[in-house]
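> If you want the building blocks of each chain, they are given just below.
There are 2 protein chains.
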Amino acid sequence: MKQINGWITAPQGFVAAGVKAGIKKSGNYDVGIIASLVPAAAGAVFTQNVMASPAVVFSREVAKQDYARAIVFNAGCANACTGGQGMADAKRMAQLSEELLGAGKNQVYVCSTGVIGHLLPMDKVEQGIRESYKDLAVGGGEAATLAIQTTDTFVKKSAYEFKLNGKKAVIAGIAKGAGMIHPNMATMFSFITTDAAVQPAFLKKLVKEVADKSFNMVVVDGDTSTNDSMIVLANGLAGNPAIDSEQHPDYAIFYEALLAVSQDLAKLIARDGEGATKFLTVEVNEAENDTDAKVVAMAIAKSPLVKTAFFGQDPNWGRIVCAAGYSGASFSPDKVSVALNGQIIFENGLGTVPDLEKLKGVMSEHDITITVKLGAAEGKATVWTSDFSYDYVKINAEYHT
Amino acid sequence: MKQINGWITAPQGFVAAGVKAGIKKSGNYDVGIIASLVPAAAGAVFTQNVMASPAVVFSREVAKQDYARAIVFNAGCANACTGGQGMADAKRMAQLSEELLGAGKNQVYVCSTGVIGHLLPMDKVEQGIRESYKDLAVGGGEAATLAIQTTDTFVKKSAYEFKLNGKKAVIAGIAKGAGMIHPNMATMFSFITTDAAVQPAFLKKLVKEVADKSFNMVVVDGDTSTNDSMIVLANGLAGNPAIDSEQHPDYAIFYEALLAVSQDLAKLIARDGEGATKFLTVEVNEAENDTDAKVVAMAIAKSPLVKTAFFGQDPNWGRIVCAAGYSGASFSPDKVSVALNGQIIFENGLGTVPDLEKLKGVMSEHDITITVKLGAAEGKATVWTSDFSYDYVKINAEYHT
Numbered sequence: 204m205k206q207i208n209g210w211i212t213a214p215q216g217f218v219a220a221g222v223k224a225g226i227k228k229s230g231n232y233d234v235g236i237i238a239s240l241v242p243a244a245a246g247a248v249f250t251q252n253v254m255a256s257p258a259v260v261f262s263r264e265v266a267k268q269d270y271a272r273a274i275v276f277n278a279g280c281a282n283a284c285t286g287g288q289g290m291a292d293a294k295r296m297a298q299l300s301e302e303l304l305g306a307g308k309n310q311v312y313v314c315s316t317g318v319i320g321h322l323l324p325m326d327k328v329e330q331g332i333r334e335s336y337k338d339l340a341v342g343g344g345e346a347a348t349l350a351i352q353t354t355d356t357f358v359k360k361s362a363y364e365f366k367l368n369g370k371k372a373v374i375a376g377i378a379k380g381a382g383m384i385h386p387n388m389a390t391m392f393s394f395i396t397t398d399a400a401v402q403p404a405f406l407k408k409l410v411k412e413v414a415d416k417s418f419n420m421v422v423v424d425g426d427t428s429t430n431d432s433m434i435v436l437a438n439g440l441a442g443n444p445a446i447d448s449e450q451h452p453d454y455a456i457f458y459e460a461l462l463a464v465s466q467d468l469a470k471l472i473a474r475d476g477e478g479a480t481k482f483l484t485v486e487v488n489e490a491e492n493d494t495d496a497k498v499v500a501m502a503i504a505k506s507p508l509v510k511t512a513f514f515g516q517d518p519n520w521g522r523i524v525c526a527a528g529y530s531g532a533s534f535s536p537d538k539v540s541v542a543l544n545g546q547i548i549f550e551n552g553l554g555t556v557p558d559l560e561k562l563k564g565v566m567s568e569h570d571i572t573i574t575v576k577l578g579a580a581e582g583k584a585t586v587w588t589s590d591f592s593y594d595y596v597k598i599n600a601e602y603h604t
Numbered sequence: 204m205k206q207i208n209g210w211i212t213a214p215q216g217f218v219a220a221g222v223k224a225g226i227k228k229s230g231n232y233d234v235g236i237i238a239s240l241v242p243a244a245a246g247a248v249f250t251q252n253v254m255a256s257p258a259v260v261f262s263r264e265v266a267k268q269d270y271a272r273a274i275v276f277n278a279g280c281a282n283a284c285t286g287g288q289g290m291a292d293a294k295r296m297a298q299l300s301e302e303l304l305g306a307g308k309n310q311v312y313v314c315s316t317g318v319i320g321h322l323l324p325m326d327k328v329e330q331g332i333r334e335s336y337k338d339l340a341v342g343g344g345e346a347a348t349l350a351i352q353t354t355d356t357f358v359k360k361s362a363y364e365f366k367l368n369g370k371k372a373v374i375a376g377i378a379k380g381a382g383m384i385h386p387n388m389a390t391m392f393s394f395i396t397t398d399a400a401v402q403p404a405f406l407k408k409l410v411k412e413v414a415d416k417s418f419n420m421v422v423v424d425g426d427t428s429t430n431d432s433m434i435v436l437a438n439g440l441a442g443n444p445a446i447d448s449e450q451h452p453d454y455a456i457f458y459e460a461l462l463a464v465s466q467d468l469a470k471l472i473a474r475d476g477e478g479a480t481k482f483l484t485v486e487v488n489e490a491e492n493d494t495d496a497k498v499v500a501m502a503i504a505k506s507p508l509v510k511t512a513f514f515g516q517d518p519n520w521g522r523i524v525c526a527a528g529y530s531g532a533s534f535s536p537d538k539v540s541v542a543l544n545g546q547i548i549f550e551n552g553l554g555t556v557p558d559l560e561k562l563k564g565v566m567s568e569h570d571i572t573i574t575v576k577l578g579a580a581e582g583k584a585t586v587w588t589s590d591f592s593y594d595y596v597k598i599n600a601e602y603h604t
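From first to last, the protein sequence lines stand for chains A and B. Residues in the first sequence are numbered consecutively from 204, following this note's numbering. Residues in the second sequence are numbered consecutively from 204, following this note's numbering.
With the rest of the complex left out, here is chain A:
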């Protein structure tokens, strides 16, 4: 398996487009389509927010089908809390795309992101979908990626090439998200394509598993969005015998590739956390079990006190162990240790006397790994997050409705 520099159209048989439909005030790309030239096995996970967008409610129906043809999407308006009209608009986005693509009913996923509580400007959206259809091309990956962004400050993509039964296969993914990030099944948007052949029911199972190890391990602000969607399309054009179980000879390599793309994108989302000055990896080891480890890692990653301490470049282990303490996980305080990029600052329940010069160096770095060992058993988890800065407050106090 090797990483390649490709867009969402890098796997064989995928085309994409993004256009400037006039939904975003900035005038940037805001409507797009990603389509497979042949029906693709599809798996997806969505937000568990009760106030889920009509786009999510509709796409859940699409996800019940074995195969899908495309994803149609817009940024600048989340189409959330928009009632019956919002549902009609989501359906219209799908229906128009189905017509243009010659796809069957419920074969196009719909995704919307942006401000909550406004109806989609459907004239602009429909025009955008028609233009996107005309622009669909293997070279359309970059425009499509730009058309899912909101407060993102950089493009989030990842792609790998690997062999399945001797045949070349490619997997590629894009994602968006910088705020309202605390996915509970998937993140804001993550679209992944592959030309590998995967049996549909097995793909749906894999998507859930991988979401739990990637997007569900990212937190920026602790707010779970109304529109989170992770969608994987596998069109089988690589020509490998379809992967249909953990016992399949190609299962391991495909799982590794899917997990790598998903974790790459998840980390990019944390790295682009609103106002972020630090990219923080919280590794918890030696927990009672994996669930406890995740609970502790999430408590640390979500703590505003921990996040502001890292913004202030303060190695404040008190706040880290305090968050572990209130997380709800069970462990003995006197067995806990904490290290920052390998520098131990807390051991056997007590602060250590660290090399202050070295520690100052660690705190000034952009990427910091917080390693917490609980001394209980073998449970482990890794969560990715960012710090809390003045700019976080600025972005969210000024992003008006």
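Among the hints, a few may not be true.
Since the list can't tell identical chains apart, any single copy or any two copies may satisfy a pair.
To be verified - Pairs of lysine to aspartate or glutamate, EDC-like flavour, derived with a Cα cap of 20 Å:
id : residue 1 : residue 2
1  : Lys538    : Glu302
2  : Lys228    : Asp517
3  : Lys205    : Asp467
4  : Lys294    : Asp537
5  : Lys563    : Glu601
6  : Lys294    : Glu412
7  : Lys308    : Asp269
8  : Lys337    : Glu560
9  : Lys470    : Asp338
10 : Lys408    : Glu568
11 : Lys228    : Glu329
Hint data in this document are derived by calculation from the structure and do not stem from the laboratory.
Starting from the known structure of chain A, arrange chain B on it as the hints suggest.
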């Protein structure tokens, strides 16, 4: 029942003192004692943080006794994550106070607040306790209150006078706390005294009940501290027949007074939230049950996106209903309504077209009540919180270890 302007020594038979022992870098008051002249029925609740301070671990033992004589406390050092030496120091604070006050073993509660991870400077603490003992006086309430503060910007106190079986009784409380506020049993510190007679076991039960309706309903940053302690001393000098059950004729009035003091102090803590520019009351009604109502209210109150929106004076109902949606409570989106100080901005699952001038007026106010009706059943809860400002980040990025 009437509110009075009194310190913690307003009930008969209580004395207090606070001194400048040199623990705080600022040189402010930092050690003190509150004592009852006679043994007082005592009830207390403490943080459930696994990393609880030795002061809390020790005080839990004191709380097993029916009666207590005093509370000894310091600010500027939390004596948390300090291992065996920390426990010895907490015990020494109690033992020295017992000696000076002529109290029996395990009759003095110990409370410490401040930075986590440093040992108490015991020479200064012991000297402070000796000086506090000499200063103990009915007039010592203000100094004692100052000696529990850390990042607090104003004094938090509340007192009421009421009649029990024809006899005058008084209840008074003080509290501290502005950050690391998400109590899970009690808040940072809340000390309450009363001269009412209450049977000890019944008092312990009442304290738990009232904590759930007051301090456990405040959140500033979602971080549960290592040192939260709520302690109630009832010395019986009012001379009323001891209140020992819900059937007691004086139960209702005493409960009302205890709840009033506790809620007053809880609200003052939210009002003094670090960097706060707003005092937010989140009222959730018509939930499936009270637990669901609390879950929704807490999700809204803890959401950094909601908190920064209020700092930006933006009536962003999208973030409010989004938080309700991911809280885990069950309800139908199309039955939800949201009002800000009575102005409805969201109804039947859709944003309304509000009077923008009026709404602008509401958002510019310091005290804002967010009322969320879920349209499910009769469950309700009220949570108090503050907004998230630049100063929140400043205070917590610069409060170095």
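> A separate judgement is required for each hint: does it hold in the structure or not?
Right, here's what the structure says about each hint:
1. For the identical chains of this complex, Lys538 and Glu302 are neighbours neither inside a copy (62 Å) nor across copies (35 Å), given an alpha-carbon limit of 20 Å.
2. Only between protomers do Lys228 and Asp517 lie at most 20 Å apart by alpha-carbon distance; the minimum there is 18 Å, versus 38 Å within a single protomer.
3. For the identical chains of this complex, Lys205 and Asp467 are intra-copy neighbours only, at 13 Å inside a copy versus 62 Å across copies, given an alpha-carbon limit of 20 Å.
4. Taking the shortest Cα distances, Lys294 and Asp537 sit within 20 Å of each other only across copies (19 Å), while inside one copy they are farther apart (57 Å).
5. Only between protomers do Lys563 and Glu601 lie at most 20 Å apart by alpha-carbon distance; the minimum there is 15 Å, versus 33 Å within a single protomer.
6. With identical chains, the CA atoms of Lys294 and Glu412 are never at most 20 Å apart, being 29 Å at best within one copy and 50 Å at best between copies.
7. Only within a single protomer do Lys308 and Asp269 lie at most 20 Å apart by alpha-carbon distance; the minimum there is 12 Å, versus 71 Å between protomers.
8. Neither within a single protomer nor between protomers do Lys337 and Glu560 lie at most 20 Å apart by alpha-carbon distance, with minima of 59 Å and 45 Å respectively.
9. For the identical chains of this complex, Lys470 and Asp338 are neighbours neither inside a copy (30 Å) nor across copies (58 Å), given an alpha-carbon limit of 20 Å.
10. In the homo-oligomer, the alpha carbons of Lys408 and Glu568 never lie at most 20 Å apart, since the shortest distance is 38 Å inside one protomer and 50 Å across protomers.
11. Only within a single protomer do Lys228 and Glu329 lie at most 20 Å apart by alpha-carbon distance; the minimum there is 17 Å, versus 64 Å between protomers.
Violated hints for the displayed structure, listed by number in ascending order: 1, 6, 8, 9, 10.
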